[in-house]
Structures are given as C-alpha cells and as structure tokens.
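Trainee: With chain A's structure known, arrange chains B and C on it following the hints.
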Amino acid sequence: MKSVELIDVTKTYGNGSVIIKNLNLSIQSGEFFVLVGPSGCGKSTILRMIAGLEGMTSGTLLIGGKPANLLPPSKRSLSMVFQNYALYPHLTARENIIFGLKAHRIGKDIVEKRLREAAEMLNLAPCLDRKPRQLSGGQRQRIALARSIVSEAPICLMDEPLSNLDAKLRARMRSEIRRIQRKIGTTMIYVTHDQIEAMTMGDRMAVLHDGTVQQIGRPIDVYNHPDHTFVASFIGSPQMNLMPAVYDDVQKILRIGASWTITRELPIAGGEVILGIRPENIHPATHPASAQNKAIHFSANIIDTEILGNETQLTFLLDHQTWTAKWEGQWTIPDQSAQEMVILPENLLVFDRKDGHILYDPKRSQKVEEVTV
Amino acid sequence: MVMEQTEIKEGADFPATNAREQPINRLFGTQPAAWLYLLPSLILFAVFVFYPLFRTLQLSFFLSDSKGLPTVFVGFNNYARLLSSPEFLASAGSTLLFVLYTVPTTIILALILALLANEKLKGIGFFRTIFSSSMGISVAASSVVWLFIFNPSAGILNRLLSLLGVTGINWLADPNWALFSVSLTTIWLHLGFTFLILLGGLQNIDEHLYENAQIEGCGYWYRLRRITLPMLSPTLFFVITVSMIDAFQTFGQIDLLTKGGPGNATNLIVYSIYQKAFINFDFGMASAEVIVLFLCILLITALQFKFGERKVHYQ
Amino acid sequence: MKRIKLISLYTVLTILSLILFFPMLYALSASFMSAQEVLLGHFFPHQLHPENYLEAFRDVPLLRFLFNSIIISLIVTFGVLIVSGMAAYAFVFLHFRGRRLLFILFISTMMIPWETSMIPNFVTVQHLGWINRYAGLTVPFFASAFGTFLLRQYFKTIPEEMWEAAQISGIGHFRFFVKVVLPVSRTSLVTLGIYTFLTTWNTYLWPLLTTTDERVRPLQIGLRQLQSQETVNDWGVVMAAALIVVVPTLIVLFIGQKHLQQGLTDGALK
Numbered sequence: 001m002k003s004v005e006l007i008d009v010t011k012t013y014g015n016g017s018v019i020i021k022n023l024n025l026s027i028q029s030g031e032f033f034v035l036v037g038p039s040g041c042g043k044s045t046i047l048r049m050i051a052g053l054e055g056m057t058s059g060t061l062l063i064g065g066k067p068a069n070l071l072p073p074s075k076r077s078l079s080m081v082f083q084n085y086a087l088y089p090h091l092t093a094r095e096n097i098i099f100g101l102k103a104h105r106i107g108k109d110i111v112e113k114r115l116r117e118a119a120e121m122l123n124l125a126p127c128l129d130r131k132p133r134q135l136s137g138g139q140r141q142r143i144a145l146a147r148s149i150v151s152e153a154p155i156c157l158m159d160e161p162l163s164n165l166d167a168k169l170r171a172r173m174r175s176e177i178r179r180i181q182r183k184i185g186t187t188m189i190y191v192t193h194d195q196i197e198a199m200t201m202g203d204r205m206a207v208l209h210d211g212t213v214q215q216i217g218r219p220i221d222v223y224n225h226p227d228h229t230f231v232a233s234f235i236g237s238p239q240m241n242l243m244p245a246v247y248d249d250v251q252k253i254l255r256i257g258a259s260w261t262i263t264r265e266l267p268i269a270g271g272e273v274i275l276g277i278r279p280e281n282i283h284p285a286t287h288p289a290s291a292q293n294k295a296i297h298f299s300a301n302i303i304d305t306e307i308l309g310n311e312t313q314l315t316f317l318l319d320h321q322t323w324t325a326k327w328e329g330q331w332t333i334p335d336q337s338a339q340e341m342v343i344l345p346e347n348l349l350v351f352d353r354k355d356g357h358i359l360y361d362p363k364r365s366q367k368v369e370e371v372t373v
Numbered sequence: 001m002v003m004e005q006t007e008i009k010e011g012a013d014f015p016a017t018n019a020r021e022q023p024i025n026r027l028f029g030t031q032p033a034a035w036l037y038l039l040p041s042l043i044l045f046a047v048f049v050f051y052p053l054f055r056t057l058q059l060s061f062f063l064s065d066s067k068g069l070p071t072v073f074v075g076f077n078n079y080a081r082l083l084s085s086p087e088f089l090a091s092a093g094s095t096l097l098f099v100l101y102t103v104p105t106t107i108i109l110a111l112i113l114a115l116l117a118n119e120k121l122k123g124i125g126f127f128r129t130i131f132s133s134s135m136g137i138s139v140a141a142s143s144v145v146w147l148f149i150f151n152p153s154a155g156i157l158n159r160l161l162s163l164l165g166v167t168g169i170n171w172l173a174d175p176n177w178a179l180f181s182v183s184l185t186t187i188w189l190h191l192g193f194t195f196l197i198l199l200g201g202l203q204n205i206d207e208h209l210y211e212n213a214q215i216e217g218c219g220y221w222y223r224l225r226r227i228t229l230p231m232l233s234p235t236l237f238f239v240i241t242v243s244m245i246d247a248f249q250t251f252g253q254i255d256l257l258t259k260g261g262p263g264n265a266t267n268l269i270v271y272s273i274y275q276k277a278f279i280n281f282d283f284g285m286a287s288a289e290v291i292v293l294f295l296c297i298l299l300i301t302a303l304q305f306k307f308g309e310r311k312v313h314y315q
Numbered sequence: 001m002k003r004i005k006l007i008s009l010y011t012v013l014t015i016l017s018l019i020l021f022f023p024m025l026y027a028l029s030a031s032f033m034s035a036q037e038v039l040l041g042h043f044f045p046h047q048l049h050p051e052n053y054l055e056a057f058r059d060v061p062l063l064r065f066l067f068n069s070i071i072i073s074l075i076v077t078f079g080v081l082i083v084s085g086m087a088a089y090a091f092v093f094l095h096f097r098g099r100r101l102l103f104i105l106f107i108s109t110m111m112i113p114w115e116t117s118m119i120p121n122f123v124t125v126q127h128l129g130w131i132n133r134y135a136g137l138t139v140p141f142f143a144s145a146f147g148t149f150l151l152r153q154y155f156k157t158i159p160e161e162m163w164e165a166a167q168i169s170g171i172g173h174f175r176f177f178v179k180v181v182l183p184v185s186r187t188s189l190v191t192l193g194i195y196t197f198l199t200t201w202n203t204y205l206w207p208l209l210t211t212t213d214e215r216v217r218p219l220q221i222g223l224r225q226l227q228s229q230e231t232v233n234d235w236g237v238v239m240a241a242a243l244i245v246v247v248p249t250l251i252v253l254f255i256g257q258k259h260l261q262q263g264l265t266d267g268a269l270k
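Quick mapping for you: the protein sequence lines, in order, are chains A, B and C.
Residue numbers for the first sequence follow the UniProt record's numbering, so the first one is 1 and each next one is one higher.
Residue numbers for the second sequence follow the UniProt record's numbering, so the first one is 1 and each next one is one higher.
Residue numbers for the third sequence follow the UniProt record's numbering, so the first one is 1 and each next one is one higher.
For reference, chain A alone in the conformation it holds in the complex (with noise of 0.2 Å):
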C-alpha cells in the first residue's frame, strides 16, 4: 500500500479562477482518507490531480513517497470508481471487471482468480454475465468496485460513488465499502458530499470550502471541535445552532440578541462572537442535566416540532433567531407554547464574527489559546 502527499497544490483554470489553493494533504499508507465538502468546493478536482486526470498548476504530488506529477494515470498505481460507474455498456459485468486487466496482458489464471474473489467478496456470481443496462443501480455500483478490487491497486479513489443510490442501499454500501477497505487494507482516498459518509466511513476526513482545507482529522474530532463555523454548519444533522453574539469582556457578559444573556466568564477578549451550540446539547427541562448547578435555564416558544421515530425535532424562535433541539423520545408539544429548556455551558462554542476561527472550545481549552493568538 502506498501512502499520498500533496505539497502546496494549487489549480487555477485559464481565465484566472483558483479552484484549489494551497492545498497541503498527507494521506497514510492504508488510510481511509475522506474529502468532504458542498458541491464546487474543488474536492473531485483533488481527486482528478491525485489521478492524474487533471494537471496541477503548480505543487508537488508524492505517491509512496515519490514525485508523480508527471506519470500517465496508469502508471499512479491507482484504481478509480467514478459517480456515475463509467461501465461499458456494451460488455458484461465479468468483461467489464476484466477489461483494464486483459489489456495489461495480466495471465488467464491470476485474472480468473481475482475476478473469482472480487464476485465472491461482493456477492456478484449470479450477475456475472449480464450487461449493465440489465442490472439494478446497486448491481452497478459493485461492478464498479469490483473493476476497482481487480486492479489491486495500491491506492483507490472513489468520487461520489453512493450518491446514485437510494437511501437504504447507501446505508449498506457505506459499511460494505468500509469493510473491504479494511480486508484488503488500500489506501482510500474518499471523495463525498455527504457528511454522514464522512462521519461514519474514513479514519480521517478534509473538510473543503472554496478549494481550501477547513479542517482535518478524526470525524468525531471535528465533530466535536470544529475549527471555524463552516465546519461546525457541515458537519452534523441537524446543522449546529449558530447565533450572532456579543461577548462583554469587562461585565462578562454573553449577550445574544436584545434580550437574552449570559453571564459567564470567558478567555477570550471581548467583540462580536458567533455562538455554536448542537441541537442534542439543548435539553427539556426534565433532562438530569439541568440538575447541574452551572446549567442555563431558558425558556422559548415552539414553533414547529417532527417526530422522527424515537427522536424529535424542535424548531423554536428565542430573540427572532430561529433555535433546532433534538430530544430523544416522542415529544408532542402544541406550537407557539412555551418550553423550558436547558444547556450545559461546556457545550457552548464561541466563534469570531469576522473570520468565523473557533475562540473558545470548553473541551479543547488548551488548543483554543493557540488559534485566539
């Protein structure tokens, strides 16, 4: 296996718009490496580099460790599943698995053997012979994978390749993926929109904005400390609550809006913040965290509740600014009552106003003093 690098990337198109700036990536040897971000934000165009499908404007590429700007994609030692599976429509599933390998004159026997093994780790034998056009979406997409399982590539990137899929057979590919990955332990770089296959699926993700790495590391790290509000928005569904707010460095006062505040002391200086709180961090009053001495009690009117199954959802306006909370349970509350509610403080995220950097993460309070700096 083969680890990635990619060392002051950067990718400008002609007429002068920079779609990849900077970019600084290292990618271990065997990792499941996720790329996440909206739609534009320049992720499918790394992959396209690390492929050799696109040419950087400047940087360098490592693969293993060594300089790979200029090889040919076939010679990156890499496979590649595409959105929309790139089949061969007019070959069956077994030729299309086969067909990079024939023409790399690979022998009749090692190409039976792994094509064997391939069918058999994703349950292919009854559609072997069938064309894509016969074959469900899902059918398709193991096709696809098993072309990728074939090559026995070193490294395999895959773009969007659950985003054709309806939602349940998503959720199953996301482990069947995940667990191949482990079994023949590849190096993956992951390219998703989708955040919940970024939380669920890599060792580590990269999440994007506008061709610039916003964060990186461990998903439940940059759940739990996201860096800048654009990574605590992305991540995580409901997004988090996010409210403009005005720190008062000399009262300690956290003044949200007009009418609420909160008086806390912070390591901060005082200005325009950005408050971040998740919607589970916002309990009913009934919760044993309000127990607590340090927690803060509010109540707020209930504009529109749903009911997801042994979870609900509540929408609620506190000083005109529009509140998500999520309850375990089934919560049946008529809109426009009142609600007691409450949150702990440590659960409370402070970000700056102007650039939207983290300045305060209760559970991260020795890191915070590097960024506020």
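Hints in this document: simulated from the structure, not taken from any laboratory.
Since the model is a prediction, treat every value here as computed from it, not as a measurement.
Even for Gly, the Cβ is constructed at its ideal location relative to N, Cα and C.
Fair warning: there could be bad hints in the mix.
Stated by the list, open to error - For the chain C half of the interface with chain A, some residues (derived, Cβ under 10 Å), not all of them:
1) Met111
2) Pro113
3) Ala135
4) Ile158
5) Met162
6) Gln167
7) Ile168
8) Ser169
Mentor: Quick look at chains B and C alone, frame taken from chain A:
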C-alpha cells in the same frame, strides 16, 4: 527530483497551456494522436473538396482547349458570356421554376403523410415503410419507370385520359408539359426522404405537451398550429434547406427523361453544366456556371439561416 | 364515432399508399407482360411472362452491374464509417488546439455542392488512372462531413468518465476507440452505414462520368445503357431491369427504416 515552482500564467487561454501542464500533455501526446485520427479526412477533403473548389474558380477565368485544359486567361469573360447567353438564362429560369414546383409540394405532401403516419395505429409501421419507400428507389430506376408511365401511347397516364375521353398529352416532348412531368417524378422521388425526416421530427415532440393540451380541451387544428408546427419548425427548416439544395442539383431525371429538351425547357443547371463540360469539353464556361450554382446554393443557405432561424423554435 | 374515425383513417392511409406505390406496382405488373400487351396498355398481364427478366440479363451484363454496385456501395460504406469514425473520435475524445475551428471547416464542406468539385475531380481521377476503376468510384466519397457530424453527436453522449476509467487502467486511445467507442455506438454506425449504402447505390452522375467500361459500371448506369439500347417495344424488359435495381435498396431500407429515421433526425437537429 526538485519541482520548480512556476508562476501561474495569467490570461492563458486554456489550462493545457499552463507551464506545469505542458509536459503532461506532451507525455499523453493527445495532440499528435488527434492529427493522426483526422488525417484521412483532411487529406480526402483537401484533394476532393477544397482543391477542386479553387481549381474550378481558377478554370472559370480561363479558356480551355479540346481536352478541357486551361489555355488563355480571360478574366470575367466566361461569366459575361454565360450571363448573356439565352441558353443559360433559359436554364436558370427553368431551374427556379423547377424549385418552385417541387420544394413546397414535396414538403406539404410529406408533412401530411407524416402527420397521418404519426397516429398510433395497429400496422402503422407498414404504412410508414410504404411512405418512405421512394427513398430506397434510385433516380435511374424511378426515371425509367416514369418514362414508361409518361409514354404517350403505352403509358398509363394517357390511357387513363383516353378513358375519360381526353386527348393524350405528350408529357415529355411537349415544352409546356415537360418541366411539369420532370417535377412530378422528382416530387415522388423525394417524398420518401422528406417524409422520414419529418416523421422523426414529429416523434421527437414531447408526448406530455399533447397530453396537457388534451386535458385543457384543445382541438386537433389548434394543437397542430400551436404545438406541432412550432415544435417541428427546426425539422421543417432543415428539410426546406435540404430540399432546395437537392432541387438545384437535379441531374439523373433530366438525363433519362428529357436530355434537357424539348428546346431547353428542362435544361436544368447541372445538366447544362454536364453538357458544357463533358460533351462540349468547355471547362472554362462550365466552371463559370458551376461557380454561379455554388453562389446560388450558398445564398440560399445564408438566407435560410438569416430568415428561417427567427421563426424557428429551438428546444 | 371513434370507430368511424379509425376506419376513415385506415382508408386514407391505404389510398395514399396505393397512389405512392403505384409506379412500382405498375412497373412490376408491366415487367411480366409481353411486348404486345404493353402496347395495348393493359394494367394486369393476362399471362405471366417471366422471360422479360431473362431477357434483361441477356441484353446487358446485369449480374456484373449488380456485383459492381454491391462492391462499390460496400467499399464506400466501410470507407465512410472508418474515416468519419476516426475524425469524430478526434473531435470528441482528443483535445487539441483549433478543434472548434477545424470542426467548422468540416461542417462547411456540407454546404459545398458535389457539382462544384466535379470537373477538377474528374481530371484528378483521370490523372490517377482511376477511370474505370473501383478506386475512382469510391475513394472520393470516403470523407463525409455528414458522417463525421452524425457520429460526433453520438460519441458525445458517451460519458467522459469512460475515457477516464480507461486511462486509469492504462488503455490507450486506439484500444478505447476500437473496443469501447465503436461497439457502444453500434446503432449510429448502422444508421450511417445504411444511409451511405443507399446514397452510394443510387449515385448517378459520377459513375456516368468515370465509367466507360462494363466491367466496373454500376447498376444505375447499366439501366441507362439498357434503356437506350431497347426499342420502344420492350418496356417489359426495361421494367424487369428497373425492379432488379430497386429490390436490394428497398430491402435495406425496409430493414433499416427505423434506424435511419431516428439517426437522420438526430443528425439533422442536434
């Protein structure tokens, strides 16, 4: 290996020209490959389309000897002689008349056929095949068959007329009827192709438009005027252009039916060129006439694009 | 009400079919008549005279002409498919400078009528020694702007990712062209093939100029020869020959009508 940092070139017109990407391109070699794939077409076009075009232009300014080779440069003399010759003027007039006879009739008939054949009926495929069949019939075969139909004594047309008590017409030998007869043959011959294209155009119209119109209770003629014809306009536009160009290029029917006669009544322009070039071996005059034909066709295409396009609905 | 509409529709369709197909039916009927019967102006033969067909074969080497037409049409068809297939591939899958400009140049040749180049082409073919050769009858037609355009339209529907996937597995342009693009585009190749076959089979003026010899002469010119040889009395023979000329293309048309219609409409409009 040290990678040098290259500044991004501003205003480069496409990404491949960026300094960093050029070596990759050279390595992939897309450019030389492209020319290799295009080479056969380019050579053939150069030899059999572009070179002859310029050669014809050149020949049109020369007199030619008995072998048809250029001898003396005469400037626009050939054109002057051509445009003042009554034979050419007659031939140009016949050609215009011929276009007028054939093009609108062919298209209207083909459109009626296509509208009928676009109905969803059992066995409609059979009718479609019959309607398009003249596309598979060559100029030579159809001319020979029509020659028989037009035959003054044995042909079916005059037989039918005599049943009605009308005196037979000398279809191809009567100067008043010859061009009409040739036009009739041509309309029949072109009906298949025109029908096929228009039917294709009709079938490309989104079914939902009709369903919606039906729900809103629009009648057949309203639908035809408001949906079918506007949606079909690109196809009609194409068909009109192609039919006009085809009509200007008519040759086979003339050669087999009338040989340009009687008295030049059906001496359409291409037949006239053929006679000048390959019977009289006057390449100079023939080339001048070719250039005139070329300009006419160019003009038609240009006019169609200018005026046709405005009325055309594009999807 | 619906029934009446249906019946009248079928009636109209049938009458129109009879009118349109009448010339061919009439020719078929006459091809089985004796010379006397033709002169009497009968519509149906009272007695079948199939010897007209034998006569047609005896008068001119019709079999030879038939063979020539088949060979010429097949050569041109494959020539066009290969040459315009390659050009269309370059226009879709290869990125080179001046691609748009060159494509416009290709398309512009569609506006140049064949007659414009007829005289110099005749001289060129003469110089090449291709008069009375298959080469002279076929090679000038290999490059087809229409064919390139039609195939390009189809090739453009092949997702770019397929070429990218091929690149990653180390498959070159030629292999991708032959093993993927051509098989995937089978239907449009068939359309173009049928169209080219029909047009070549029916070409009249060019073979008239470049064949003086019965050994390479195609059917169309053979028919002209037969017609000019025959006296007024032998219409039956001429009609028999005309039918022999028509049958192969009608068969091709009947088989390929659906393909042709779809393909030509796409080519005309996209």
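Trainee: Of the numbered hints stated previously, which ones are contradicted by the structure, given in increasing order?
Mentor: Hints 1, 2, 3 not satisfied by this model.
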